[in-house]
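K.L.:
Since chain A is already given, all that's left is putting chain B on it; use the hints.
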Amino acid sequence: MSALLELDGVRAGYGHTRVLHGVSMSVGDGDVVALLGANGAGKTTTLRAITGGVRWDGIINFAGHSLHRATTETIVRMGIAHVPEGRGVLTELTVEENLRLGAYLRRDGDGIAKDYDRVFGYFPILRERRKLSASTLSGGEQQMLALARALLMRPKLLLLDEPSLGLAPLVVRSIFDIIRAVNESDRVAVLLVEQNARIALELSSRAYVLEVGRVAVAGESAKLKNQESVRRSYLGY
Amino acid sequence: MDEFLQQVLSGIAAGGIYASLALALVLIYNAMGLVNFAQGEMAMFIGGIVIQRIVIRPVERAPVLTLVIVTLGLATLINGLAGFFFGYLPRSFPSPFSVQTVDILGAAASWQDLGVMAVSGVVLVLVFFMLQRTSVGLAMRAAAHNPEASRLLGIRVSWMLALGWGLASAVGAVSGIMVAPILYLEPNMMQTVIIYAFAAAVLGGIESPLGAVIGGLIVGVTVNLAGTYLPGVGGDLQLAVAFAIIIAVLVIRPNGLLGRRAMRRA
Numbered sequence: 116m117s118a119l120l121e122l123d124g125v126r127a128g129y130g131h132t133r134v135l136h137g138v139s140m141s142v143g144d145g146d147v148v149a150l151l152g153a154n155g156a157g158k159t160t161t162l163r164a165i166t167g168g169v170r171w172d173g174i175i176n177f178a179g180h181s182l183h184r185a186t187t188e189t190i191v192r193m194g195i196a197h198v199p200e201g202r203g204v205l206t207e208l209t210v211e212e213n214l215r216l217g218a219y220l221r222r223d224g225d226g227i228a229k230d231y232d233r234v235f236g237y238f239p240i241l242r243e244r245r246k247l248s249a250s251t252l253s254g255g256e257q258q259m260l261a262l263a264r265a266l267l268m269r270p271k272l273l274l275l276d277e278p279s280l281g282l283a284p285l286v287v288r289s290i291f292d293i294i295r296a297v298n299e300s301d302r303v304a305v306l307l308v309e310q311n312a313r314i315a316l317e318l319s320s321r322a323y324v325l326e327v328g329r330v331a332v333a334g335e336s337a338k339l340k341n342q343e344s345v346r347r348s349y350l351g352y
Numbered sequence: 002m003d004e005f006l007q008q009v010l011s012g013i014a015a016g017g018i019y020a021s022l023a024l025a026l027v028l029i030y031n032a033m034g035l036v037n038f039a040q041g042e043m044a045m046f047i048g049g050i051v052i053q054r055i056v057i058r059p060v061e062r063a064p065v066l067t068l069v070i071v072t073l074g075l076a077t078l079i080n081g082l083a084g085f086f087f088g089y090l091p092r093s094f095p096s097p098f099s100v101q102t103v104d105i106l107g108a109a110a111s112w113q114d115l116g117v118m119a120v121s122g123v124v125l126v127l128v129f130f131m132l133q134r135t136s137v138g139l140a141m142r143a144a145a146h147n148p149e150a151s152r153l154l155g156i157r158v159s160w161m162l163a164l165g166w167g168l169a170s171a172v173g174a175v176s177g178i179m180v181a182p183i184l185y186l187e188p189n190m191m192q193t194v195i196i197y198a199f200a201a202a203v204l205g206g207i208e209s210p211l212g213a214v215i216g217g218l219i220v221g222v223t224v225n226l227a228g229t230y231l232p233g234v235g236g237d238l239q240l241a242v243a244f245a246i247i248i249a250v251l252v253i254r255p256n257g258l259l260g261r262r263a264m265r266r267a
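Chains A and B supply the protein sequences, listed in that same order.
Heads up: the first sequence runs through residues 116 to 352, numbered per our numbering.
Heads up: the second sequence runs through residues 2 to 267, numbered per our numbering.
Chain A on its own, in the form it takes in the complex (with noise of 0.2 Å):
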């Protein structure tokens, strides 16, 4: 069976500038995969090139269709969901009107409201906040809206971009669990990209590593972690 989301030689960059110097990847249905990698690796325009964010060539086939000059709306439509960098909060609505339109494409209101509980059973403050403007969320909860959001879009694969940034330690720990529970429950597939390494290792089932645009090093997250190589790039110690 093939992989839910292929990468084949993906080349991409903005303007003259090429970040992407062929990146091949993939994810399997209900994995959870890191990609991991210093600032300016490439690993924020990978996510934007699965999305159609950036202009590329190469190949990227999900769910055994090819992603080639999709728009993003289409491939959105088809399945992906992209928390992107900085989160993609709507700050001009309130809590509820962001996650309405997280479940704007669908139709089935039953499925609608179960998913509402339950991503109100994960994040409990969104329910209290909900009538409040979104601007007036923290950091942490606005990472934790944009998570909700994309959980009610029910995707098949969900893309990460950064989800740690900028949060207290305590406050990723329980984000991480709630991906992770979300992976479990539901078979979501999540293409995580993070700084954090370590963090993303423990979450993640395989790694790939970036370096100026390219994949470095790929495997299976516990044996990276004991790698001394990536040990001692990326994880410091």
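Worth flagging that the hints you see were computed from the coordinates, not collected in a lab.
In this text, a Cβ means the ideal position worked out from N, Cα and C, and glycines have one as well.
Wrong hints could be hidden among the right ones.
[To be verified] Derived CB-CB ranges, DEER-like:
| # | chain 1 | residue 1 | chain 2 | residue 2 | range |
| --- | --- | --- | --- | --- | --- |
| 1 | A | Ile240 | B | Gln133 | 36 to 44 Å |
| 2 | A | Arg222 | B | Asp3 | 50 to 58 Å |
| 3 | B | Leu66 | A | Leu280 | 31 to 39 Å |
| 4 | A | Gly173 | B | Leu73 | 42 to 50 Å |
| 5 | A | Ile174 | B | Arg62 | 41 to 49 Å |
| 6 | B | Ser136 | A | Arg313 | 40 to 48 Å |
| 7 | A | Ile240 | B | Thr102 | 52 to 60 Å |
| 8 | A | Asp292 | B | Val51 | 47 to 55 Å |
[Unchecked claim] Which bits of chain A does chain B cover? Going by a derived footprint, with three or more residues having C-beta under 8 Å, they are:
| # | segment |
| --- | --- |
| 9 | 182-195 |
| 10 | 217-227 |
P.N.:
Below, chain B without anything else, positioned relative to chain A:
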């Protein structure tokens, strides 16, 4: 007192027209971050979606100055086309409402004024219902505020912006239909009305739909009362009152009554 009430009533009627047109300006300002100088001219058409698809979309990502020039060109173009096809001679436009008056608390209000008030009221309520209560309206607001994040939620941003133009031109067209019987129908008909609408939108805070409505009513009533009671203003200098309002707002409170932040384009 009767005369005062009467002037307030016709001020509110005029204000309803300004409010509709100001709302159209705000809808496009929110969608594109620019003031649509062709809004007055566009009141002669309902084809906002067509205009957005053909004229605006190719320059959607262009710098704001380009867009401003495009809307100015559009205004000239529509104005010229209207003149070409319909001529520049003013024509009378039959009012759907009777010119007879009805007595309200001692003031004589014309059915015309009351009709205009009712129509603007209904239009404004419909627009607000659509923006605030429907999921299309929610998607339109999202697309206007943050196109990138909205795309990632599956919202077809470009169509939402086109819909914004369509809605704006429909609302603007209603104001045009209501103005026509009061003024005379000719290609430059909206050029004074749009100034009042600018004043209303600026007063309300250029990005607030509710502000546009409140601003429209205030401008309508203020201008009417100034024309009646301030010596020397009369009918001729009413437009100057609108400019005075614009300048005063920009000097004293640039965000307007309900605007949340200084006008800027990121």
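K.L.:
Are at least 3 residues of the segment 182-195 of chain A within less than 8 Å of chain B when you compare beta carbons?
P.N.:
holds (count 5)
K.L.:
Please check whether isoleucine 240(A) and glutamine 133(B) have a Cβ separation lying inside 36 to 44 Å.
P.N.:
violated (25 Å)
K.L.:
Between isoleucine 174(A) and arginine 62(B), does the C-beta distance stay in 41 to 49 Å?
P.N.:
violated (28 Å)
K.L.:
When you take the CB atoms of leucine 66(B) and leucine 280(A), is the distance between them in 31 to 39 Å?
P.N.:
With Cβ atoms ~35 Å apart, the hint holds.
K.L.:
Range hint 42 to 50 Å: satisfied by the CB atoms of glycine 173(A) and leucine 73(B)?
P.N.:
Holds, since glycine 173(A) and leucine 73(B) (Cβ atoms, about 44 Å apart) stay within the stated range.
K.L.:
So is the segment 217-227 of chain A in contact with chain B by the C-beta rule, three or more residues under 8 Å, or is the coverage claim wrong?
P.N.:
This one holds; 3 residues, not fewer than the three required, reach chain B with a Cβ under 8 Å.
K.L.:
Just to be sure I understand the hint, the distance between the Cβ atoms of aspartate 292(A) and valine 51(B) should be within 47 to 55 Å; is that true here?
P.N.:
Since aspartate 292(A) and valine 51(B) have Cβ atoms about 52 Å apart, the given range 47 to 55 Å holds.
K.L.:
Take a look at whether the Cβ-Cβ distance between serine 136(B) and arginine 313(A) falls inside 40 to 48 Å.
P.N.:
Given a distance of about 41 Å, which is inside 40 to 48 Å, the answer is holds.
K.L.:
I want to verify a distance hint. Is the separation of the beta carbons of isoleucine 240(A) and threonine 102(B) within 52 to 60 Å?
P.N.:
holds (59 Å)
K.L.:
Is it true that the C-beta distance of arginine 222(A) to aspartate 3(B) lies inside 50 to 58 Å, as the hint says?
P.N.:
holds (57 Å)
Checked against the numbered hints listed earlier, the structure breaks hints 1, 5; every other hint is satisfied.
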